[in-house]
Amino acid sequence: MGSRKHIMAEQHKAAKKQKAIAILRDCPTSPRKMRLVADTIRGVEVNKALGLLRYSQKHASIPLEKLLKSAITNWEAKNEGQRLEDTPLCVKEIYVDGGRMLKRIQPAPQGRAHRIRKRSNHVTIVVDKIVTKEKTKADGTES
Numbered sequence: 329m330g331s332r333k334h335i336m337a338e339q340h341k342a343a344k345k346q347k348a349i350a351i352l353r354d355c356p357t358s359p360r361k362m363r364l365v366a367d368t369i370r371g372v373e374v375n376k377a378l379g380l381l382r383y384s385q386k387h388a389s390i391p392l393e394k395l396l397k398s399a400i401t402n403w404e405a406k407n408e409g410q411r412l413e414d415t416p417l418c419v420k421e422i423y424v425d426g427g428r429m430l431k432r433i434q435p436a437p438q439g440r441a442h443r444i445r446k447r448s449n450h451v452t453i454v455v456d457k458i459v460t461k462e463k464t465k466a467d468g469t470e471s
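Numbers 329 to 471, taken from the numbering used here, label the letters of the sequence shown in order.
Worth flagging that the hints you see were computed from the coordinates, not collected in a lab.
Note that this is a predicted model, so its numbers are computed, not measured.
Certain hints may be false.
Claimed, not checked - Straight-line distance between alpha carbons at most 25 Å, and here's what the computed DMTMM-like set of lysine to aspartate or glutamate pairs gives:
| hint | residue 1 | residue 2 |
| --- | --- | --- |
| 1 | Lys446 | Glu408 |
| 2 | Lys431 | Glu338 |
| 3 | Lys446 | Glu404 |
| 4 | Lys386 | Glu404 |
| 5 | Lys397 | Glu338 |
| 6 | Lys406 | Glu338 |
| 7 | Lys431 | Glu408 |
| 8 | Lys457 | Glu413 |
| 9 | Lys345 | Glu404 |
| 10 | Lys361 | Asp414 |
| 11 | Lys420 | Glu338 |
| 12 | Lys344 | Glu408 |
| 13 | Lys376 | Glu338 |
| 14 | Lys446 | Asp425 |
| 15 | Lys341 | Asp456 |
| 16 | Lys431 | Asp354 |
| 17 | Lys376 | Glu421 |
| 18 | Lys446 | Asp456 |
| 19 | Lys347 | Glu408 |
| 20 | Lys386 | Glu338 |
| 21 | Lys361 | Glu404 |
| 22 | Lys333 | Asp354 |
| 23 | Lys344 | Glu393 |
| 24 | Lys394 | Glu338 |
| 25 | Lys344 | Asp414 |
Stated by the list, open to error - Pairwise CB distance ranges, derived in the manner of DEER restraints:
| hint | residue 1 | residue 2 | range |
| --- | --- | --- | --- |
| 26 | Val459 | Arg432 | 42 to 48 Å |
| 27 | Asn375 | Tyr423 | 54 to 60 Å |
| 28 | Thr401 | Pro435 | 15 to 21 Å |
| 29 | Thr401 | Lys376 | 26 to 32 Å |
| 30 | Gly371 | Arg443 | 47 to 53 Å |
| 31 | Ala405 | Val372 | 21 to 27 Å |
Quick reminder that beta carbons are idealized off the backbone N, C-alpha and C, glycines included.
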């Protein structure tokens, strides 16, 4: 492996160590309803996001709260030497994809049948450190 590839691999590995990922598969809620709740916590600091999910009236907030706690635990497992209280974490990425659909039949008038699609979704949360841009005095600006 060349030196450039080796350096890039080490940088990629270091960046991957900071991130913690948690995935929820086949959650029996429609993706549209789950995205409404997911959009409220995207980019928010972790403790504030947990508070938003805990006191939300939406049903989808219950599995998302569990998933966020799982992502936080995964981050703690990856970074054993660091304390959660000292490190500002945020929900870096959260996305909701459609899962499998259960197809059912509902009887309709005059011998017809209507199709019912019971949707599910897959949710992925990435928790990472909050990146703050620090200005240096070399640029001529104060920090």
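Valine 459 versus arginine 432 beta-carbon gap, inside 42 to 48 Å or not: 46 Å, holds
Given pair status - glutamate 338, lysine 386, alpha carbons within 25 Å: 42 Å, violated
25 Å limit on alpha-carbon distance, applied to hinted pair lysine 333 and aspartate 354: With Cα atoms ~37 Å apart, lysine 333 and aspartate 354 exceed 25 Å; violated.
Holds or violated: lysine 361 to glutamate 404, with C-alpha atoms at most 25 Å apart: Given pair lysine 361, glutamate 404 is violated - Cα atoms ~30 Å apart, limit 25 Å.
Agreement of lysine 431 and glutamate 408 with the hint, judged by alpha carbon distance not exceeding 25 Å: 45 Å, violated
Holds or violated: lysine 394 to glutamate 338, with C-alpha atoms at most 25 Å apart: 32 Å, violated
25 Å limit on alpha-carbon distance, applied to hinted pair lysine 446 and glutamate 408: Violated - the C-alpha atoms of glutamate 408 and lysine 446 are around 41 Å apart, more than 25 Å.
Restraint check for lysine 446 with glutamate 404, where alpha carbons must lie at most 25 Å apart: 36 Å, violated
Pair hint outcome, lysine 446 versus aspartate 456 [Cα-Cα no greater than 25 Å]: 33 Å, violated
Pairwise hint evaluation, glutamate 338 against lysine 397, where the allowed Cα distance is 25 Å at most: Violated - the C-alpha atoms of glutamate 338 and lysine 397 are around 28 Å apart, more than 25 Å.
Restraint check for lysine 446 with aspartate 425, where alpha carbons must lie at most 25 Å apart: Between lysine 446 and aspartate 425 the Cα gap is close to 15 Å, so the pair holds against 25 Å.
Pairwise hint evaluation, glutamate 404 against lysine 386, where the allowed Cα distance is 25 Å at most: Violated, at roughly 28 Å.
Hint compliance for this structure: hints 1, 2, 3, 4, 5, 7, 10, 13, 18, 20, 21, 22, 24, 27, 28, 29, 30 are not met, and every other hint is.
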